[in-house]
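Residue numbers (our numbering), protein chains in the order written: chain Y, 1 to 906; chain D, 1 to 906.
It is possible that some hints are incorrect.
[Stated by the list, open to error] Using 30 Å as the maximum straight-line C-alpha spacing, the simulated DSS-like pairs for lysine-lysine come out as follows: (1) Lys-507(D) to Lys-443(D); (2) Lys-617(Y) to Lys-503(Y); (3) Lys-503(D) to Lys-670(Y); (4) Lys-720(D) to Lys-746(Y); (5) Lys-820(Y) to Lys-403(D); (6) Lys-618(D) to Lys-720(D); (7) Lys-503(Y) to Lys-670(D); (8) Lys-820(D) to Lys-765(Y); (9) Lys-746(Y) to Lys-720(Y); (10) Lys-820(Y) to Lys-542(D); (11) Lys-614(D) to Lys-820(D); (12) Lys-784(Y) to Lys-76(D); (13) Lys-247(D) to Lys-746(Y); (14) Lys-247(Y) to Lys-784(D); (15) Lys-141(D) to Lys-381(D); (16) Lys-19(Y) to Lys-76(Y); (17) Lys-182(Y) to Lys-197(Y); (18) Lys-141(D) to Lys-820(Y); (19) Lys-746(D) to Lys-237(Y); (20) Lys-141(D) to Lys-848(Y); (21) Lys-820(Y) to Lys-784(D); (22) Lys-720(Y) to Lys-443(Y); (23) Lys-670(D) to Lys-765(D); (24) Lys-820(Y) to Lys-443(D); (25) Lys-614(D) to Lys-848(Y); (26) Lys-197(D) to Lys-359(D); (27) Lys-247(D) to Lys-141(D); (28) Lys-670(Y) to Lys-507(D); (29) Lys-820(D) to Lys-850(Y); (30) Lys-746(Y) to Lys-746(D); (31) Lys-761(Y) to Lys-617(Y); (32) Lys-403(D) to Lys-614(Y); (33) Lys-820(Y) to Lys-848(D); (34) Lys-247(Y) to Lys-720(D); (35) Lys-76(D) to Lys-746(Y); (36) Lys-381(D) to Lys-247(D); (37) Lys-381(D) to Lys-784(Y); (38) Lys-507(Y) to Lys-403(Y); (39) Lys-507(Y) to Lys-670(D).
Just so you know, these hints were derived from the structure itself, not from any lab. These numbers were taken from a predicted model, which means no experiment stands behind them.
Number of protein chains: 2
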Amino acid sequence: MAAVTSQHAPATERPTKTKWVFLFMPGRAEGNATMRALLGGKGAGLAEMTNAGLPVPPGFTITTEACNAYFDGGRKLPAGLWDQVLEGLAAVERETGKRLGDAKDPLLVSVRSGAQMSMPGMMDTVLNLGLNDETRAGLAKLTGNERFAWDAYRRFIQMFGRIVLEIEGSEFEHALEAAKKKAKAKLDTDLTGDQLKGVVAEFRKIVRKEKGRDFPSDPREQLRLAIEAVFRSWFGKRAHDYREVNKIAHDLGTACSVVTMVFGNMGNDSATGVAFTRDPNTGERAIFGEYLINAQGEDVVAGIRTPRKLSELEAELPKGYREFTEIAQRLEKHYRDVQDLEFTIERGRLWMLQTRSAKRTARAAVRIAVDMVREGIIDRKEAVKRVEPVHVDQLLLPRFDEKAVERARMEGRALGKGLNASPGAATGRAVFEADRAVEMKGKGETVLLVRPETSPDDFAGMVAAAGILTSRGGSTSHAAVVARGLGLPCVVGMETLTVDLAKRTMKVGGRTIKEGARVSIDGATGEVFLGELPTIRPDYDKEKDLHQVLAWADEIRALGVWVNADTPDECRRARKFGAEGVGLARTEHMFRESERLPYVQAMILAATEQERRKHLKKLESFQVKDFREIFAAMDGLPVVIRLIDPPLHEFLREIDEREVARITGLTRPKARAHIEARRAQLHEENPMLGLRGCRLLLVFPEILEMQIRAILGGAADVAKKGVAAKPEIMMPLVGTMGELHFLREKVMETAAHVEKERKTKIPFKFGTMIEIPRACIIADEIAKHTEFFSFGTNDLTQTVLGISRDDAQKSFLTRYVEEKVIPTDPFVSIDQDGVGAMVRIGVERGRKTKPDLKIGICGEHGGDPASIDFFHRAGLTYVSPSTFRVPSARLAAAQAAIAGGVVRDR
Amino acid sequence: MAAVTSQHAPATERPTKTKWVFLFMPGRAEGNATMRALLGGKGAGLAEMTNAGLPVPPGFTITTEACNAYFDGGRKLPAGLWDQVLEGLAAVERETGKRLGDAKDPLLVSVRSGAQMSMPGMMDTVLNLGLNDETRAGLAKLTGNERFAWDAYRRFIQMFGRIVLEIEGSEFEHALEAAKKKAKAKLDTDLTGDQLKGVVAEFRKIVRKEKGRDFPSDPREQLRLAIEAVFRSWFGKRAHDYREVNKIAHDLGTACSVVTMVFGNMGNDSATGVAFTRDPNTGERAIFGEYLINAQGEDVVAGIRTPRKLSELEAELPKGYREFTEIAQRLEKHYRDVQDLEFTIERGRLWMLQTRSAKRTARAAVRIAVDMVREGIIDRKEAVKRVEPVHVDQLLLPRFDEKAVERARMEGRALGKGLNASPGAATGRAVFEADRAVEMKGKGETVLLVRPETSPDDFAGMVAAAGILTSRGGSTSHAAVVARGLGLPCVVGMETLTVDLAKRTMKVGGRTIKEGARVSIDGATGEVFLGELPTIRPDYDKEKDLHQVLAWADEIRALGVWVNADTPDECRRARKFGAEGVGLARTEHMFRESERLPYVQAMILAATEQERRKHLKKLESFQVKDFREIFAAMDGLPVVIRLIDPPLHEFLREIDEREVARITGLTRPKARAHIEARRAQLHEENPMLGLRGCRLLLVFPEILEMQIRAILGGAADVAKKGVAAKPEIMMPLVGTMGELHFLREKVMETAAHVEKERKTKIPFKFGTMIEIPRACIIADEIAKHTEFFSFGTNDLTQTVLGISRDDAQKSFLTRYVEEKVIPTDPFVSIDQDGVGAMVRIGVERGRKTKPDLKIGICGEHGGDPASIDFFHRAGLTYVSPSTFRVPSARLAAAQAAIAGGVVRDR
């Protein structure tokens, strides 16, 4: 979700006659549902319900602008506000016939926070405001219930003391506990009126001790202080953190609704409850909620008494239940969305206290969207908008059984938290080295790879693992990126974790955990547990509702969705997920498999071209098989193959000397010496900017030759069997026309050779990555000699920003994001103003030469919804995310098309 | 000089009636001086002289187009050419009354190469063509000189055999030597006619043996073969290499002039010589040349007989001398430039064989330019164009005495060659470590620092050295770049050299040279010698002619010329050289001085901000002194100070543990452990793209604070003494507005503090480096909050091209340049299409916000003439080269203004 920014102008610039307060009185409210920004979700909902003739206790809402003016004015209520509050109060008093502070018939109110964006439980609310010694007595007399009045008073002082006076809540809880102990009471409800009176006295002592003054008895002072406290809660730590996580702007402010109190705790004909119009967990179409007889709202939340299922209310209070379910259905239809409702029944009379769109799980979101289309409530476009791309991701990932997680926490097996780098849940035996992971996997074990951090050499081990845990690195570290690519659960940067590679142990929270011990990680939350937690693995084929939503998304979207896939398995899976082609098949992974790596290494060590060619011949025989299988898996769909990209020294990290000696025919000491020398020679200060990509292919054109032979040979092989192979050969890191001309010529020359050898025409396309700024600048020239572009936005981000992805996370990027130096991590969501501007230059110039040039993007950003929205606007042809993000990318692409209103002909 | 490209269309596209041959007959030539591209310098010169009525032997020139057509057609003479040659030949025969192959009165010709750009001695010429047994006899009869005829024949076969038939020249030389030995002759001239006859017989045997055929006796066949050989010599190795070095396009082709032979060896009334209209070494205004009586041109060049000074000719052949000097003066006036002439006097009659603009030394270029303005031959603009920026550089550098170099070569003290990385000559004792360099310098020794390669830690040692020699690295390696910055002679990448740091020796060419041995390096040629060679050091103050040329340049140029200078000494020197401000004062060098480094290290090791601040306080006291001196040196001129830029780990390379322990109060083992841990923590995969520049200042704002305090404090201190300090504070590596806002606020806040403390206003400017692509893209935004930009084209080149300067040279960049993948090393001369385009975006956007924004460039490119030309066209305000390139930059800036025709108001 993009950050929501405020449209408020600073208070000082506004006319003095600002309307700060909006009334809602039975049948007539000054606000409505469209005024969320000004009245908050709660205020807008109360106004809308009021206008709809629903039973809402009278009250008024103070605007979010008042909150902002409060902060802009140095935490002072803005001019005119208090007068408007008093006017609103007078109106409420006229409506109810009660008066705030009236000892005989006191008006009590709740003071409730409510922001534009729902922030459940993040800000504060004060109930029962207006009580003091006199009004309490009046309330007792009026209700004929001393205990109720003392309990309401006790609750008020406790809540007001904690929230408004900012006294540590535990002070009150201790006093209450002491009273219960003294009275030998188990529950709060076991305390008698007299005993509660004692508690009130204790609470007032606490206030006097902590604040040096008596508890404020003037209800108007109470009201003013409570309003300020609600405003202040906007910048409370919880609320602030929530906004950070959910990317909500800090300058939106909260509204504050002052609502006549109704009491669900006035006896057994009273109740209070919360409900959803459909099940927010499963999406099932049935009202779903909880209630308590004779209780106030906070009791439901606090969990002191166990609430009952809403359906049981029908038997207890049939009239209230019927009224409520009718209203709930009306509201769902009215809002055309599942509603999250709060209600109170006071002495048999139903009052609606809140309605808002319900938060829902991924599963529920999908089901509700599909059901509502079927029910004719929303159209397909709306359904596509209602499901979030992250919902789709979540649906495809294994997750822990929530009860098992609870149990593990209770049993003290929660080891702590790292960064949630790649969602999904995984359980397995901890291993600390890639080789061991492969070995144990070979023995049929499920393993979790635990490392200080990972490198490309760990790839085989990562593939073998069910999940990855590292003690270092951020959300764009190697581990995180590869894990997301593989769709593996991954937790990184768990700072309390120390891995001792020598001893094959890890230490965390004072515990030493040996290799082979069972560990569980939740990549969605970052939590790590000791022991095995049962996981639930969804089956994509069975997700019929999801298929429906994605089918609708496909009707709408303009962007193609391809996939980054390197293996036939990945290709097959991606195809099932709806990928329309392979946007990036990386060939270097094909070099890293254990039986091949020694040949790659021998090739790198070779002193002469002739010797290199000998080893390349062997590698060709491996690669041709890979390509055959990939083409077969993608039969009829294009496969963009990027030639070898990483620097050669990456292949020399771990070496099987014996095998290399065997292949090269050297003695082992000689092989060792060669390896050392070559390593030193290939060492680079900044490998990211070094001898890699097409530079490597220029220096060693025989590698290029081998790869072209393998690709086109593979294509020719499967074509004979009737497979429609569509290879597209892609050059990495091209930055100059000199490189492009050289490479293109070499490719065409080799292709002609292969065609001659095989006596057949092998159709293919030729294109380039656009991943360094210079390529964007000369894109018009490049387009003259290429059939497609693919933006490599990972590298482009590194070069446009001058930031090393490998290093920045640990040193400054996290800090930059935290301190808002930059709005988001540019490796997660594309930096639209910088990297995006460069992408636009590349697109514009490329299309100047070839208006219908096919332009894709195959960086990590291809799976990020905000980036997908940008790529849609930039006019790209397709995005190519990692396999498991293909479905969510289809959805995000459709949402981008809806938002932009532009549908291109694909 | 920019590469000269050909305007020739391929021969196949030309009409068939192409004119391949241009005649020159006494008084009437078909070509003229403007047709250099088509006729070559020689052909155009012969035509022009002919038209001017000067005595030029009749002949014709075959065009460069014919040469290109020859290669395009697969080394075949193009259609129609041979016919035109025969027509030309007939015309010459008519003119001279002689006929090629005529036994009675044979026409002999020379066949001479001549390209558009002068390539002295690089291509081939055949003299005496037309001789065979019959014509030789005819020649003998005609001249009455048997010996002369045999000698001419011998020379012809030898020259033709070597050049046209491509027989190893030594074969002929050995045969000649054998004949001399047999005849007990010392010199060739001691051989009699008969003996020469024997030599001819031997030569013909050699031809038969080597080529399996007789020496071609048909003069027409000789002519055709010779023309083809001249064409082929265009792609001879020498010519190819020369063009590479001098950036001359390979597709220009050579012309071929066929000229009637005149003989300077027809007796004592004959002579041959070469001359310059002014001394090409000193520029002195006096005819300068050499001649030999009774000799052919090749004898002058071959050095077998010692030529005599031209002035002596007056006594020997007064008429010829007078005629020649008159013609020489006419030609200089005609061409308005010093001429390089060839002449022959045949039996008293003068013939002009060549005129061309003379190559000249730096000193001569400057003097001639100034003199010619005074003489009214050229104007100031022309004078500024006549001196090359590299001439200016050369004039300021120490150089070896040429005779001493010759002697060293003779004595076998030439050790070999590396890359000429930074010009100038240096002699000193070889040392292999920076510390030792400092130590021995301290003892009053002059040292040369010899390293495998250098790193920033060697800086102090480099400063202490008189020159630098490395066995690894290219022209943009650390050693090369720093040396150029310091104006130190430097030879890098001497591959035959091995440095043994442990033994403190170096090995080269089988010799082992110990520390302390005297070595000499010539940074202009890359040559390295054993022993001390005397150097000549120019005194800038005495270079009055240079001052004059630069003063004229200053009148013309639009670009400002500032300087990159980090020390007061450099500032003072640069000011003398004409720098108008400091465009880049790097503060990190101030951190590296030996007494300070331990404090820097302690600061880096500090665990808390408080501790860091303690050490920074100490560093502030050092830096404030630096700035005081720099401001005083630049009194009245702006000084742009870049805050600390490199990653912190660069300061942890070499550590004095004892000193760090003392400063931090840790025990030595603890200090060691801290250092190790911090090093590991700060390690980066790609430090170039890591935690450096403004990122460092954001993470450690206390460093920024310290530097601002030191800069403004220093400025305030000297202001009190009447110095007009003009500090301009520059942020490195800014890429986002978030960074800029944070840094700007911090700077302004600190500045306000310092002003309050000192109770004085301290004026300064605030600006940014523009050195990553994103900064160019958001330059309009950046300009809103800054007072100046300075392009850091080194880093911008790295990021726009995605190339690491540290690595690329050794791995692929040299190869790229060699194989023409890119036209020039982008770190030497700015990549105009890529990096330049990005610079233009930055300039355009910055000036959109602030039309008069001051924009400089402080990368290495600021000293490169081609780059300066680009920066002029891009509308920059100033360039800031290293100190020693300030004078040449002034000249280059003026040349850019002349070329562009645009003069901006500075």
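Worksheet item: Hints broken by the structure, by number, lowest first?
Response: Hint check: 2, 4, 5, 10, 11, 12, 15, 18, 20, 22, 23, 24, 25, 26, 27, 30, 32, 34 and 37 fail, others pass.
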